[in-house]
Amino acid sequence: MRCGVVIFPGSNCDHDAYHVLKHVLEQDVVFLWHGDEDLRDADLVVLPGGFSYGDYLRAGAMAAQSPVMRAVRRHADEGGLVLGICNGFQVLLEAGLLPGAMRRNRSLRFECREVHLRVERDDLPFTRHYRAGQVLSMPIAHAEGNYEAPPELLDEIEANRQVVFRYVGPAGEEGEEHNVNGSARAIAGVVNREGNVLGMMPHPERCAEAILGGVDGRALFEGLIETPASAVRAVRPMGRRTAAARARVGA
Amino acid sequence: MRARITVYPRREILDPQGKAIRSALAGLGFDQVEDVRAGKSFEVELATEDGARARDTLDAMCRKLLANTVTEDYEIELDGGAAAGAGPAAKTAAKTAAAKPGAGTKAAKPAAAEASKPVAKPAATAAGEPAKAAAKAARAGRPAKSSPPAKPSKPASSSKPAPAGGRR
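Here the protein sequences line up with chains A and B, keeping their order. Residue numbering for the first sequence follows the working numbering, beginning at 1 and increasing consecutively. Residue numbering for the second sequence follows the working numbering, beginning at 252 and increasing consecutively.
Chain A with its partners taken away, still in its complex shape (with noise of 0.2 Å):
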């Protein structure tokens, strides 16, 4: 699969993920720059974290404006896969690609740690070599992860399964004291309703190798790039996914 990893000013994860594209998972990979809007023939774009434009304004708010963007955006229209990891997830917020917004973590502070995560759907490209209801062990570091949306707007989230991750316990429980930046209903990664674009806090790119201290990050990229192009353009609407749309998907 080809992948295209964004530059934005600002972004410090961008080798990390160009990193596990490219000698993890042996993939074909490219940088892609802010002010070029063109996605030079990815299938799979990355949102890499940093603080794209100095945090300007408000965290990604810049960065959703630049001319990268614009292709991002008939990418994912087309169906084209897009994750947003951390700095990315508070672009595509931004963007409108996906719904909610951020604002400072609950303690004000900068959480750096590590959190443990449950996935709550595993139909998707990003989670199909995960199980629903699996508890990962990730990587946080930001100070803007407390997301937020209108109490309608989480109802209609969560009605579409738009929510992939949620902070929990080390035995997948629910609960406030797990919930490490304040995020309403613990979320931690959300997916647009059509499917292909991911965003998410926590940091697969840097748990997707042993010597790095964990693993966990690594299927949700091997979920990715085994994802053939021509069945993510397929992905339907939410809802639930039948046993043939499943399996056009691969999962």
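Derived by calculation from the structure, the hints in this document are not laboratory data. Some clues are possibly wrong.
[Stated by the list, open to error] Just some of the chain B residues that point at chain A, by a computed CB distance under 10 Å:
(1) Leu265
(2) Asp266
(3) Pro267
(4) Gln268
(5) Thr299
(6) Asp301
(7) Ala311
(8) Lys315
(9) Leu316
(10) Asn319
(11) Thr322
[To be verified] Beyond 12 Å from chain A on every Cβ pair, some chain B residues (computed):
(12) Glu263
(13) Gly280
(14) Asp286
(15) Glu294
(16) Ala303
(17) Asp307
(18) Leu317
(19) Thr320
(20) Glu323
[Said to hold, decoys possible] Now the stretches of chain A that chain B is said to cover, found in silico as 3 or more residues with beta-carbon under 8 Å:
(21) 55-63
(22) 141-150
All C-beta atoms, glycine included, are put in the ideal place defined by N, C-alpha and C.
Assemble the complex: chain A is given as a structure, and chain B must be docked to it using the hints.
Using the frame of chain A, we list chain B on its own:
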């Protein structure tokens, strides 16, 4: 034409920053403070003298970039005293305007102190005094070219705890 845009978290949404500032104020003995919202403010110079057009343009700017309307409200003030409320926040424009001259008089203080001061004022005002009358008087008396309140508050509200070395 100069305009001032104020953006702050919606009332119904918990504002962690405002809450922390409120408890800091309580710690300093300002125990009459009931609520604090921490926002940001922008001064925009527009190449037009047409107030209605300016308002439309500024409103579009707020919706597209300056505010995130999922979590934030905004209000627009055109220079010359024409307070032009926009969005759901229009009603509170007077209250915010009342705070600004107060903030301006403290302009000589260091930035850190300055950041928390203006926030204290509107909350105290809202708690007891006739805010609207105060706002009207304040607006009438405000010099056309005064600008100090916007500048110190912006870097303060957008500053991060520890960007240096912190990867995300």
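Verification of the supplied hints:
{"no.": "1", "hint": "Leu265", "in the structure": "holds (8 Å)"}
{"no.": "2", "hint": "Asp266", "in the structure": "holds (8 Å)"}
{"no.": "3", "hint": "Pro267", "in the structure": "holds (5 Å)"}
{"no.": "4", "hint": "Gln268", "in the structure": "holds (6 Å)"}
{"no.": "5", "hint": "Thr299", "in the structure": "violated (22 Å)"}
{"no.": "6", "hint": "Asp301", "in the structure": "violated (26 Å)"}
{"no.": "7", "hint": "Ala311", "in the structure": "violated (13 Å)"}
{"no.": "8", "hint": "Lys315", "in the structure": "holds (8 Å)"}
{"no.": "9", "hint": "Leu316", "in the structure": "holds (7 Å)"}
{"no.": "10", "hint": "Asn319", "in the structure": "holds (5 Å)"}
{"no.": "11", "hint": "Thr322", "in the structure": "holds (5 Å)"}
{"no.": "12", "hint": "Glu263", "in the structure": "violated (8 Å)"}
{"no.": "13", "hint": "Gly280", "in the structure": "holds (22 Å)"}
{"no.": "14", "hint": "Asp286", "in the structure": "holds (16 Å)"}
{"no.": "15", "hint": "Glu294", "in the structure": "holds (14 Å)"}
{"no.": "16", "hint": "Ala303", "in the structure": "holds (26 Å)"}
{"no.": "17", "hint": "Asp307", "in the structure": "holds (20 Å)"}
{"no.": "18", "hint": "Leu317", "in the structure": "violated (7 Å)"}
{"no.": "19", "hint": "Thr320", "in the structure": "violated (9 Å)"}
{"no.": "20", "hint": "Glu323", "in the structure": "violated (8 Å)"}
{"no.": "21", "hint": "55-63", "in the structure": "holds (count 5)"}
{"no.": "22", "hint": "141-150", "in the structure": "holds (count 7)"}
Consistency with the previously given hints fails for numbers 5, 6, 7, 12, 18, 19, 20, ordered from lowest to highest.
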